[in-house]
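Asker: Given next are the chains, with one letter for each unit.
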Amino acid sequence: MSPLPPRSRGQAHTLEAVVGALLLLASIAFALQMTIVTPLSASTSSQHIENQLRSVSSGVLASSAATGSLTDAVRYWNDTSGGFHGTTALGYYTNAPPDNAFGDVLNRSLDQQGIAYNVNVQYQTKKGTTAETRMIYRGEPSGHAVTTTRTITLHHDDRLLASDGTRQSLTVANATRFFVPDARGGGSGSVYNVVRIEVVAWRI
Amino acid sequence: MADLTSRGDHVDGDTRGQVLLVAAFALAITFVALALVANSAIYTENLATRAGSEDTTDVLTFRDSVEKAVGGSIRAANERESSTFGPIDTAVQSGIQNVSDWTSKQEARESALVSVEHVTNTQGTRIAQSNASQFLSSNTSTAPRPNWTVAEDVSGTRAFEITVTDTATLATTSSDEFTVTATAMGGTESWELHVGEDGSGAVEVTVERENPAVSASCTAPVTGDPVTVDVTAGTVGGADCPALDVVSGKEMHFGAGVSTPYDITITNGDHIEGRYSLVVDNATLGSNPDVSAAVGDPLTNETQPYAYPAMYSATVDVSYYTDVVEYRSEIRVVPGEPS
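Those protein sequence lines, which keep their order, are chains A and B.
Take the first sequence: its letters are residues 1 to 204, numbered as in the numbering used here.
Take the second sequence: its letters are residues 1 to 339, numbered as in the numbering used here.
Hints were generated in silico from the structure; no laboratory data involved.
Please note: incorrect hints may appear among the correct ones.
[Claimed, not checked] The list that follows gives simulated cross-link-like pairs (lysine-lysine, PhoX-like), each with its CA atoms no further than 25 Å apart:
| hint | chain 1 | residue 1 | chain 2 | residue 2 |
| --- | --- | --- | --- | --- |
| 1 | A | K127 | B | K250 |
| 2 | A | K126 | B | K105 |
| 3 | B | K68 | B | K105 |
| 4 | A | K126 | B | K68 |
[Claimed, not checked] Derived list of chain A stretches under chain B, where covered just means 3 residues or more per stretch with a C-beta under 8 Å from a C-beta of chain B:
| hint | segment |
| --- | --- |
| 5 | 17-30 |
| 6 | 190-199 |
[Claimed, not checked] The calculated label-pair distances, taken between Cβ atoms and stated as ranges, are:
| hint | chain 1 | residue 1 | chain 2 | residue 2 | range |
| --- | --- | --- | --- | --- | --- |
| 7 | B | N131 | A | A173 | 23 to 33 Å |
| 8 | B | N131 | A | T176 | 26 to 36 Å |
| 9 | A | G128 | B | E326 | 22 to 32 Å |
| 10 | A | H144 | B | G86 | 47 to 57 Å |
| 11 | A | T166 | B | R80 | 41 to 51 Å |
| 12 | A | G91 | B | V119 | 40 to 50 Å |
| 13 | A | G91 | B | T140 | 47 to 57 Å |
| 14 | B | D317 | A | T166 | 31 to 41 Å |
Remember, it's a predicted structure, so these values are computed and weren't measured experimentally.
Even glycine gets a Cβ: it sits at the ideal position worked out from N, Cα and C.
Let the hints inform the model, and build the full structure from the sequences given.
Answerer: Here it is, written out as structure tokens:
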């Protein structure tokens with residue numbers, strides 16, 4: 001007849017089993033936790049979404065710069081009220097894009113795809129620093145917002161545009177309240193200022 | 001250490017606990033290793049799907065905006081209609097310097113070092129009639145004639161625009177139509193542009209070239225005045241005109257098939273009324289009696305052709321440096337040159 005096992009072996013066995021079970025459970029939980037959220041999973045911070053937003057906005061800026069509607073949008077300025085045509089006292093667009101070719105492209109490519117955007121205009125000041133003005137403001141961008149920029153130049157004989165898009169006789173150099181100042185500082189160059197259009201886009 | 005082999009005189013349960021622990025360890029290590037492998041695979045896929053071409057896109061965007069900036073600067077300086085070339089040269093060079101300074105400040109925010117330097121430029125002449133009238137020669141030495149020479153010894157023409165302000169003056173038969181001809185100097189090959197009316201009130205443009213001989217025409221999309229024919233950009237009334245671009249695989253742009261240098265002449269200048277402007281790369285046109293030499297202040301209401309000094313092209317050195325891209329190139333900017 002075999003002797004009975006010592007009384008303390010049962011506790012050791014239990015302890016080993018419990019530790020073994022805990023170890024197994026912890027490693028399964030750890031392994032599962034690692035693979036749940038990745039940068040490519042379907043959330044608002046997906047890398048694919050950022051790539052798509054970047055290519056859509058740079059396409060919008062490239063086509064607008066090629067047709068000249070980007071520089072038209074910068075000069076779509078109401079010099080008497082000191083803001084863009086069709087804006088409120090804020091001076092920038094909030095609800096709807098501007099009523100020109102650039103606004104149409106923004107509406108078709110971004111608004112109708114459920115993408116919100118801010119458009120900022122950066123330019124040189126007389127002191128030599130860079131200043132920024134809002135053209136379109138739709139709110140604070142979310143975490144995955146993408147910024148694309150495009151640079152255009154304004155020349156001293158460029159005219160401001162009226163609200164129907166026709167050229168006025170007022171040039172950017174003679175306008176009294178145009179937001180882009182003459183950065184030449186009295187020089188004789190034909191380039192009035194260099195303006196950088198920045199589009200910040202995010203999905204809503 | 002417990003003996004893992006089971007012996008007859010020990011109960012099997014004696015050794016099972018430690019086997020369980022070892023098995024649990026092994027499984028735990030396996031799960032962690034699998035999680036590591038799965039994570040690496042996901043991270044690799046993430047890296048692979050990133051848009052890696054952003055840096056080169058920025059370079060090409062910058063080069064394009066510099067080309068447009070310099071082209072606009074040339075155009076704005078030429079339109080000051082100065083009677084000497086010096087102020088135009090100064091205006092363009094200081095414009096390019098300003099563009100370089102300001103864009104380098106703005107691009108520095110994106111961690112890019114850029115610069116634009118003027119290398120050289122070519123002087124040319126701008127011939128223009130700025131008020132609506134028939135396209136006759138100037139009246140400095142002889143009475144205005146409908147058939148005259150616009151420019152001689154020309155190797156390049158750009159920004160050639162004709163605006164027709166009265167379509168009723170256009171002829172409908174091809175022998176009476178207003179014609180611009182580019183003929184090779186000392187040769188016979190020619191390129192012709194006819195502007196007439198198609199019989200129903202719309203402007204019709206016919207282009208003929210030789211060697212090989214191709215003829216094509218296009219019509220303005222709407223009737224009415226004014227109609228702009230942009231010869232070098234290839235549009236009639238705002239619509240694209242293949243007859244000024246490529247037809248059946250043959251180039252039809254201004255001066256196609258004509259070896260340089262060539263002469264530009266106008267015939268039947270009395271069968272059109274409007275304005276025109278073109279820039280040629282010959283800087284010594286003061287001796288052409290058919291075109292007046294511009295003097296004094298800008299002339300805005302002249303009904304005869306005037307020649308102003310103008311810049312034909314400029315070459316700039318563009319460089320763009322970031323931590324991953326180095327780009328340096330010389331660009332020749334010729335705004336409105338037919339491609």
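Asker: Would you mind marking each hint as holding or not holding in the structure?
Answerer: Each hint, compared with the structure:
Taking the CA atoms of A:K127 and B:K250, the gap is near 54 Å; set against the 25 Å cutoff, the hint is violated. As the CA atoms of A:K126 and B:K105 are separated by approximately 13 Å, the hinted pair is consistent with the 25 Å bound. Annotation: proposed proximity of B:K68 to B:K105 holds, straight-line Cα distance about 19 Å (limit 25 Å). Simply put, A:K126 and B:K68 have alpha-carbon atoms about 23 Å apart, close enough for the 25 Å limit, and the pair holds.
Only when three residues or more bring their CB closer than 8 Å to a CB of chain B does the claim for the segment 17-30 of chain A stand; here the count is 10, and the claim holds. Note: the segment 190-199 of chain A has 5 residues with beta-carbon separation from chain B under 8 Å; the three-residue rule is met and the coverage holds. A hinted range of 23 to 33 Å holds for the C-beta pair B:N131 and A:A173, which are about 25 Å apart. Take B:N131 and A:T176: their Cβ atoms lie about 31 Å apart, and the range 26 to 36 Å holds.
Range check, A:G128 to B:E326: Cβ separation about 27 Å, and the 22 to 32 Å hint holds. Between A:H144 and B:G86 the C-beta distance comes to about 54 Å, which sits within the given range of 47 to 57 Å. With their beta carbons about 23 Å apart, A:T166 and B:R80 fall outside the hinted range of 41 to 51 Å. Taken as a hint, the range 40 to 50 Å holds for the pair A:G91 and B:V119, whose Cβ atoms sit roughly 41 Å apart.
In this structure, A:G91 and B:T140 meet the distance hint of 47 to 57 Å, their C-beta atoms being roughly 53 Å apart. Between B:D317 and A:T166 the Cβ separation comes to about 38 Å, which falls inside the hinted range of 31 to 41 Å.
Violated hints, in rising order: 1 and 11; the structure is consistent with all others.
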